[in-house]
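Asker: Residue numbers (my numbering), protein chains in the order written: chain X, 1 to 254; chain S, 1001 to 1254; chain Y, 2001 to 2254; chain R, 3001 to 3254; chain A, 4001 to 4254; chain F, 5001 to 5254; chain U, 6001 to 6254; chain H, 7001 to 7254.
No lab work stands behind these hints: they were computed from the structure.
Careful, some of the hints might be misleading.
Said to hold, decoys possible - Distance condition first, Cα-Cα at most 20 Å in a straight line; then the derived SDA-like pairs of lysine to any residue:
(1) H/Lys7059 - X/Thr128
(2) R/Lys3059 - U/Trp6152
(3) H/Lys7059 - X/Arg70
(4) S/Lys1059 - S/Arg1070
(5) X/Lys59 - X/Gly84
(6) R/Lys3059 - U/Pro6085
(7) U/Lys6059 - A/Gly4084
(8) S/Lys1059 - S/Gln1022
(9) Y/Lys2059 - F/Lys5059
(10) Y/Lys2059 - F/Val5103
(11) A/Lys4059 - S/Pro1102
(12) X/Lys59 - Y/Ser2203
(13) A/Lys4059 - A/Tyr4100
(14) A/Lys4059 - S/Ser1129
(15) X/Lys59 - Y/Gly2084
(16) R/Lys3059 - R/Arg3070
(17) X/Lys59 - Y/Tyr2206
(18) U/Lys6059 - U/Glu6069
(19) F/Lys5059 - F/Arg5105
Keep in mind it's a predicted model, so treat the numbers as computed, not measured.
8 protein chains.
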Amino acid sequence: MNEAALRTLLHSVASGEVSVAQATERLKRLNIEDLGFARLDRHRALRVGFPEVIYGPGKTPEQIATLAERLTAAGQTVLATRCGPEAFDAVRARISDATYHPVARCITAVRGRPPQAAGTIVVVTGGTSDIPVAEEAAITAELSGSTVERLWDVGVAGIHRLLASHERLYHATVIIAVAGMEGALPSVIAGLVDRPVVAVPTSVGYGAAFGGLAALLGMLNSCAAGLSVVNIDNGFGAGYVAGLINRLAGLRSE
Amino acid sequence: MNEAALRTLLHSVASGEVSVAQATERLKRLNIEDLGFARLDRHRALRVGFPEVIYGPGKTPEQIATLAERLTAAGQTVLATRCGPEAFDAVRARISDATYHPVARCITAVRGRPPQAAGTIVVVTGGTSDIPVAEEAAITAELSGSTVERLWDVGVAGIHRLLASHERLYHATVIIAVAGMEGALPSVIAGLVDRPVVAVPTSVGYGAAFGGLAALLGMLNSCAAGLSVVNIDNGFGAGYVAGLINRLAGLRSE
Amino acid sequence: MNEAALRTLLHSVASGEVSVAQATERLKRLNIEDLGFARLDRHRALRVGFPEVIYGPGKTPEQIATLAERLTAAGQTVLATRCGPEAFDAVRARISDATYHPVARCITAVRGRPPQAAGTIVVVTGGTSDIPVAEEAAITAELSGSTVERLWDVGVAGIHRLLASHERLYHATVIIAVAGMEGALPSVIAGLVDRPVVAVPTSVGYGAAFGGLAALLGMLNSCAAGLSVVNIDNGFGAGYVAGLINRLAGLRSE
Amino acid sequence: MNEAALRTLLHSVASGEVSVAQATERLKRLNIEDLGFARLDRHRALRVGFPEVIYGPGKTPEQIATLAERLTAAGQTVLATRCGPEAFDAVRARISDATYHPVARCITAVRGRPPQAAGTIVVVTGGTSDIPVAEEAAITAELSGSTVERLWDVGVAGIHRLLASHERLYHATVIIAVAGMEGALPSVIAGLVDRPVVAVPTSVGYGAAFGGLAALLGMLNSCAAGLSVVNIDNGFGAGYVAGLINRLAGLRSE
Amino acid sequence: MNEAALRTLLHSVASGEVSVAQATERLKRLNIEDLGFARLDRHRALRVGFPEVIYGPGKTPEQIATLAERLTAAGQTVLATRCGPEAFDAVRARISDATYHPVARCITAVRGRPPQAAGTIVVVTGGTSDIPVAEEAAITAELSGSTVERLWDVGVAGIHRLLASHERLYHATVIIAVAGMEGALPSVIAGLVDRPVVAVPTSVGYGAAFGGLAALLGMLNSCAAGLSVVNIDNGFGAGYVAGLINRLAGLRSE
Amino acid sequence: MNEAALRTLLHSVASGEVSVAQATERLKRLNIEDLGFARLDRHRALRVGFPEVIYGPGKTPEQIATLAERLTAAGQTVLATRCGPEAFDAVRARISDATYHPVARCITAVRGRPPQAAGTIVVVTGGTSDIPVAEEAAITAELSGSTVERLWDVGVAGIHRLLASHERLYHATVIIAVAGMEGALPSVIAGLVDRPVVAVPTSVGYGAAFGGLAALLGMLNSCAAGLSVVNIDNGFGAGYVAGLINRLAGLRSE
Amino acid sequence: MNEAALRTLLHSVASGEVSVAQATERLKRLNIEDLGFARLDRHRALRVGFPEVIYGPGKTPEQIATLAERLTAAGQTVLATRCGPEAFDAVRARISDATYHPVARCITAVRGRPPQAAGTIVVVTGGTSDIPVAEEAAITAELSGSTVERLWDVGVAGIHRLLASHERLYHATVIIAVAGMEGALPSVIAGLVDRPVVAVPTSVGYGAAFGGLAALLGMLNSCAAGLSVVNIDNGFGAGYVAGLINRLAGLRSE
Amino acid sequence: MNEAALRTLLHSVASGEVSVAQATERLKRLNIEDLGFARLDRHRALRVGFPEVIYGPGKTPEQIATLAERLTAAGQTVLATRCGPEAFDAVRARISDATYHPVARCITAVRGRPPQAAGTIVVVTGGTSDIPVAEEAAITAELSGSTVERLWDVGVAGIHRLLASHERLYHATVIIAVAGMEGALPSVIAGLVDRPVVAVPTSVGYGAAFGGLAALLGMLNSCAAGLSVVNIDNGFGAGYVAGLINRLAGLRSE
């Protein structure tokens, strides 16, 4: 039952066409879907500032392209993650201004510009192999209206590189710290700054890294307060939650 | 907003006191709670046939007794699981007809009699150490209106004991198979009968039993079809789902 | 010793040709196989309502085709799971009316129609990637005589989609809930309805999903009663046990 | 080298007492400690808004009391977590206005009032057993200047309880969602609201809950975006990071 | 149906009192239990050579004593494992010649003497902490008729102690190698001798020993052929299977 | 120092050419290698009855062929496990009478005939997918002089198939029970017979089978005594230890 | 056969009392024990520099005291680890100059002074809870002749504390880095200095620390080269290996 | 701020151009980067003796070649690990004297010769499959100035092979022990010698080897003191730390 239908029903009650008892009965049966319009509105508003996301794995290039086309047709920004070049070819055949980000393996097509958050998200990686995950986080955050600074390869094995960058860290609103292997980077950063740190373990490593488990456990057990963790390799999730946090700090007046 | 309030609102619309626009606005804001009465009715009906459950661990005897008293005051049957004798003493001080089941470590106080299911649930254990979990399952099933047969200590290490009981298994509507250590019993039973088998791994065992993990994995990997699994030591869960299944097979005409 | 042989032996005893002592000796040696005819009859009856299953992995297309042919030659329905198109080509070369279900990766060839259960199994998935497992469950249940409704992509991340479908869930006899990642769907459903829920974790996910382990643990630890769990990706097992349960609720009068 | 010493050195350079070469040499050797005053200042400022934390386990009541006394002597607020009543007795003997929070098992003694954040942190639990962890989070957040709303026992097994509270969730700035067993609560909440959700798995549960592992994995694998996770039972960590986030949203004008 | 009953039935057939059809029907229904007498005989014979075992944990001293008394009353040897001194007190009150083995924590009461195997079982431990498990194995093997030699504390960290004993190892029929921590002892022994080695991991160790898991994995992955493994701390199981093997090598002529 | 050298040294002592002090010094320095001749003799004798084994993975066909040729040149039997057809082609090019066992993926070339053990090893599998591992066990046992009976596909899901074969199991000297998935077969067998059972878990299965872990844990936790376990898929290890055990039971008089 | 016996035998050969053949036979049978004197000498020499170690857990105070007395009677230094005060009381009753180290829970009694290594071992902890393990390491190293510097509570959460101490780290010969929780400290240190770092994970932490597993994995996966790891809480092992390394750098000239 | 800039600033203070207050302010803001030159010098010195390492996985041949070229252009030695022949082709196209080590899968190009350590590192493997990891360790150690002896295939299954080599082990300064499967080799070696042993678990094995986990746990739980462990398959890490240790023992006078 959409708003028009509800209005019609109430008019019928007002006019006496429908009895109060009948209307009561019908409204009691309203399922949540019928009330959905409010939520959908809210969702639509929300989506102005955030892309619909297509998760690539397990989908054919054709399926990805179809979903992307449907979104742009509805005026929405597209973000497709973990996609290969074939998927991009299929998307570009339908959306001529789509962009491929080869490092992050993301496809984007921007429609409208979300409100720009005033703060800055700094994305930091421990090593060069963590960059794909970090780029996925950075692109996600940018699409949701955040300014992003990238700081690659400042892992704790050479702590002086990290410390040399501490000015940039101090000016961040939120920090996304991406690291594999032992995953110590977010701990060190959270010990240096008093901003929320979103920690992203990566599957970089071998042997007892167990596909990112070592980094994940390291981050969860951080002796530094101020950090929280997302799933292994989940750049998108980190970028999304960092974007939500950054938006709290206010919008850029333009 | 309960039904009376809804009715009042609609009368106001019918009488013209409230405009259609105003009523639309109010009804759009209806949160789910307001629609809750239908669901609550359904739930209340459901509860006639099933006890409210109090999970004992982490609660003081006094807290358990208070919760139990509130339920019986509302005319509902009580089932409190994993409770020691002190908890029972506290409950009996308030509910004089409460019963303690020392093996299952359950407290019950029956109020009203649920509709009796026509079928039979057979609860089987591999060893004597599995009986507490099995009793919890049996009591739960009985309280929900099922007839229960108990068949203890027929584990696969002496397969002839199990086979000797196959007639009883063939007459079951549902079977709850409770076993620790390697947890092979449900597999063997599911290979013998064509009834749903609810498998309950127990934490009985030592060493590489890893607190029931071995039994759990064994049951999940059963090469026999027709069984599904609940959590380690979860007698209550097994009794509950077996009760739901048994009820599907029809009620006893009385 | 089949029934005829037993009868002959008893006639010989009746006629005095064989002494009681000799017959006692022979009957004592009866091994279980000899008594097997009763079980086989029961099995045959059972099979009228349920397909023999061929598990594809580790078998060549030729082996699958041979097994399938043998079953249809015996008038039995075939269900081959986890088979690629090559296997289907091999089967169709021998069984012209075989059908391939590409999403579920199943091959079926129906012989006879099982008694139709009166109830309905609703198969629900959390996401689109769970559909192959859900389809395997649905096809298995249909072949065993159940009516199946499919409800795809109603995961808890957008709980309103699930709630919007609650009417369909309330009318189910049994629900099969299929979900990967955190596997919360079956918990939410079991909290909404009072029907048995068969939970199927899938290996959909990455990182700390650990190939379905996260979903499996989530389902086993559900705080909602009324659900039981099968192995990761085990659509067949879920469909089979749901079929057994659904049959308990009675057959369709035709 | 503190600021005064630096100043003295530079005066000596200015007066010619110390040559440039000598001063260069000394300043090159400055270790980080010498530069520490800036950092310490920053830290002190930070501490105005946040309590020093004493982690109780492994410390004697006497040690906890000594640490607490030292902090209050320095004019700082005390938060001691995971402490029993004996520890509180020892603390109160020295700090007469100390408070014990028996559910959270925390000791607090407030010195000065941190700047109050304008937003609201809503702390939600799945069950009653999760409340101690949630209270630790709530107290931590309150001490750091956040307004906290508590919403207990709205787990997904009875999803209608959660949905009934969605208005309160929509008004939150940050949400802390605390749940044990399968840990599905944060997923469901993150699917309903577009605010950052800090998920806290608890060790509540048994069997395959594996001390909180199931809840942890469930939260990490959430199919809903917008949440990040802290360690099992880490109420303090969740309260701390939520406080940092809430502060981003601005301070209350008073 | 026991043998007498079968005989009676056949006499009735012979006399014409029971028709062949009726007898066929009854015999078809013979369940396995009825055929059990052969098996029971076999079992009884087997038990002459092997004690019934009472597993102590989870049983009260009184229950252990009752079970032990029933066994001795039936003329059978008793072996109760993992029992404390209280259990022994209860047993001795009923069985005056019962013996307590404090290191192995076993209670024994011998009735009859099993046939003595000609070979020798050598039980070896890596360290002194492994002796309780090794003693349980040794006592089990002795009760089943094997001669046992004990060789304690010859772990691989001081390989020369082991090598110094190689003569004794060469003369063994079967070797039981008991070790905790890294569990390397059985590998080294299996590389020295060409006799079956039964490897018993123990829970001795700390940290990454994970309760015996490290030793268990070490033994399963042994690069030496000729060994097989039982559960962690399962001295009884090792003694039992070693006894079975040793018996294969022939009995002592007496 | 070989025996001749030792003899020469002693002759020199006897003749006075070498002083007692010098000889003492030299003999003190004797390293273990020098004492090795005894051990080598023993090993050589042992090898008459058992093939040298080449473990295929990680070796090129050429390397396998070279090793095999060296063994046959020394008059020894070859067993190469886990080899593909390419490896066999390379071996046959050098050893014309080599045989390939495609199911077990073994290459054999027999040189000499080991003493034949009097007993019989029965190799049993739960399913058809376990046959490759079982064949590796069977071939290993045959090469070491054991008579082997194969009993395929008698898993516990259809327990009647296993029971139908119990006569064959009762006549075995040793039983090798090979099973994947839940791995219950060895437990059931050990409960039926009083012979040593060597249990072999296989990696057959999916999902929570975790590559054979479920079967392994099931076998280690067997509630039946009399079985011991080898590594997942370790057919060779099972065949080797079963051969050692079988040989204990005596040799066939020929 | 000790050296004297060997000498006697050779004299008998020299004198002709024993033939060369007989002597050959006897010497061939020499087991390794007989050759042990060389090794024992070497061991004794080694022990001058290193205490015999008594591992406390599982031993009674009386047993510990007996072992300690035997060592001092032989002129050897005693180190007993993981011992409570009762054990110390028992030891002191026999060895009046024994010392108890309550933090490390070690008992020592020094006999003789090992050669003093020229280098310095710096033992560093991440937090105060790691000190007991670190003290065990420090005491072990000191007893083996190393000079030890202690640097407590410099964990990575406050990286400036660590950096402030880098001068002391640069002057170390070997560093033992002890840390629980996420265990990042050794990585950071190994990135700062070019000395061997022995990393000791501790079981300090809760939740996903999993008893030290998180710290262990973190250290094994360190992205910094130059570190190696010992078992969780294994202070003794770290002190021992660091002592061996430190001794390589030369002895102190005295 | 580099040294020149610092000097200029101080000159300005000396000349009065800059006030003490201004200079204080600027020097307080000095970030760690500015102080970095000392550290960089130290690092450069260090690098004379040790190659920069390029970790191959996840890098294209072109990227590896570029990095390698940059290093040699700076006069530094190159070590690239885990590289295939394609990577080598790309490197050789730019660095004509580069060498490929096919077993270790390393590329090296030596520039300058590090100071040669006086001691010897002995690298030992349990089996032939461990050689690639061992070679990586050996090459790393050689490049850092150590003399390396290789001792392949002396695993504990044939302990006499190891013992036969004990003279070579006794002469080592450091031992690197590389083993897969149960990983017992380092324990046995550490029990024989009193030198530091660096243990390297490898992923060699199958089934319950779990990719090297069994070997890793075995080594961590070694009952022999004197060993420490690196990550699974981490030959480079072992070679690096062994090189650091070996250098402690002094340099070769040349």
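Asker: Is the straight-line distance between the alpha-carbon of X/Lys59 and that of Y/Ser2203 20 Å or less?
Answerer: Given that 20 Å is the threshold and the Cα spacing comes to 15 Å, the pair holds.
Asker: Would you mind confirming whether the straight-line C-alpha gap from X/Lys59 to Y/Tyr2206 stays at or under 20 Å?
Answerer: Given that 20 Å is the threshold and the Cα spacing comes to 15 Å, the pair holds.
Asker: Would you mind confirming whether the straight-line C-alpha gap from U/Lys6059 to A/Gly4084 stays at or under 20 Å?
Answerer: Given that 20 Å is the threshold and the Cα spacing comes to 17 Å, the pair holds.
Asker: Are the Cα positions of A/Lys4059 and S/Ser1129 separated by 20 Å at most?
Answerer: The given pair, whose Cα atoms are some 9 Å apart, holds under the 20 Å limit.
Asker: Quick one, are Y/Lys2059 and F/Lys5059 close enough, alpha carbons at most 20 Å?
Answerer: violated, 27 Å
Asker: Does S/Arg1070 sit within 20 Å of S/Lys1059, going by the straight-line distance between their CA atoms?
Answerer: At roughly 15 Å apart (the allowed maximum being 20 Å), S/Arg1070 and S/Lys1059 satisfy the hint.
Asker: If you draw a straight line from the CA of F/Lys5059 to the CA of F/Arg5105, is it 20 Å or shorter?
Answerer: holds, 14 Å
Asker: Given the proposed pairing of R/Lys3059 with R/Arg3070, does the C-alpha separation stay at or below 20 Å?
Answerer: Judged against 20 Å, a Cα distance of about 15 Å means the pair holds.
Asker: When you check the alpha-carbon spacing of A/Lys4059 and A/Tyr4100, does it fall within 20 Å?
Answerer: The given pair, whose Cα atoms are some 17 Å apart, holds under the 20 Å limit.
Asker: With a cut-off of 20 Å on the C-alpha distance, tell me whether R/Lys3059 and U/Pro6085 pass.
Answerer: holds, 18 Å
Asker: Given the hinted pair Y/Lys2059 and F/Val5103, is their Cα-Cα distance within 20 Å?
Answerer: With Cα atoms ~12 Å apart, Y/Lys2059 and F/Val5103 stay inside 20 Å; holds.
Asker: Is U/Lys6059 close enough to U/Glu6069, meaning Cα to Cα at most 20 Å?
Answerer: With a Cα-Cα distance of about 15 Å, the restraint between U/Lys6059 and U/Glu6069 holds, given a limit of 20 Å.
In summary, the numbered hints that this structure violates are 3, 8, 9.
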